[in-house]
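*Asks:* Those protein sequences? They're chains A and B, same order as listed. The opening position of the first sequence corresponds to residue 1 in our numbering, with each subsequent residue numbered one higher. The opening position of the second sequence corresponds to residue 1001 in our numbering, with each subsequent residue numbered one higher.
No lab work stands behind these hints, which were simulated from the structure alone. In this text, a Cβ means the ideal position worked out from N, Cα and C, and glycines have one as well. Any given hint might turn out to be false.
Below 30 Å or equal to it, Euclidean Cα-Cα: the simulated DSS-like pairs (lysine-lysine) are [stated by the list, open to error]:
#: 1; chain 1: A; residue 1: K57; chain 2: B; residue 2: K1094
#: 2; chain 1: B; residue 1: K1111; chain 2: B; residue 2: K1094
#: 3; chain 1: A; residue 1: K57; chain 2: B; residue 2: K1070
Which chain B residues stay away from chain A? Per the calculated CB distances, all over 12 Å, these [what the hints assert, rightly or not]:
#: 4; residue: Q1006
#: 5; residue: M1011
#: 6; residue: Q1014
#: 7; residue: E1015
#: 8; residue: E1017
#: 9; residue: S1027
#: 10; residue: T1031
#: 11; residue: A1048
#: 12; residue: R1069
#: 13; residue: S1079
#: 14; residue: P1081
#: 15; residue: F1088
#: 16; residue: A1096
#: 17; residue: G1097
#: 18; residue: G1105
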Amino acid sequence: GAGVSQSPSNKVTEKGKDVELRCDPISGHTALYWYRQSLGQGLEFLIYFQGNSAPDKSGLPSDRFSAERTGGSVSTLTIQRTQQEDSAVYLCASSQELAPLYEQFFGPGTRLTVL
Amino acid sequence: GQQLNQSPQSMFIQEGEDVSMNCTSSSIFNTWLWYKQDPGEGPVLLIALYKAGELTSNGRLTAQFGITRKDSFLNISASIPSDVGIYFCAGHLKAAGNKLTFGGGTRVLVKP
């Protein structure tokens, strides 16, 4: 079956521009997570959506970062006024409500490069 | 916040060797997870550990949840070339909701 998909796979942008990254979770998965992975580093939690509950935004590094999840499915991570330190791979994951919620399935990521 | 220290940061393997890596935390977790990430891909769950002291195997992989709940190790037996990649440990604390805390990863490379 289809896994988590993300688009674009690569994005190069100029400093100061806004970018939108998209995540399509596995069908039926109610939880969706965004992580950031800087070069050679582990994964840094950004934001988490679970069903109709208010998202857990505690990992967003600044107010330039925001995310939406429309219709309980597709999610968009938006970074406004990008900075060079935003360059990283942005990973999305989803999980089922009934499974242990930490068994997350990851997408391939979007590699963001800010020039 | 919680920190996970993963070691070694990188290692070289020769086909057939057993390898070991571990993860330590400054505080306890309720669940430990081990993921593998191949180049250009997202991490894939290898093993999940739910109880202190638990020892779990998945093929050539064996992982243990430390009795103190602050550490875990992963062993790979009889390594093969496709074992190359980055291995991440992750901890889950129920009080933190559904967030995972990830270690910095162990990069496994093949000896030239």
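*Asks:* Against the earlier hints, flag every one the structure doesn't satisfy and list their numbers going up.
*Replies:* Numbers 2, 4, 10, 11, 15, 16, 17 and 18 - these are the hints that the structure violates, sorted from lowest upward.
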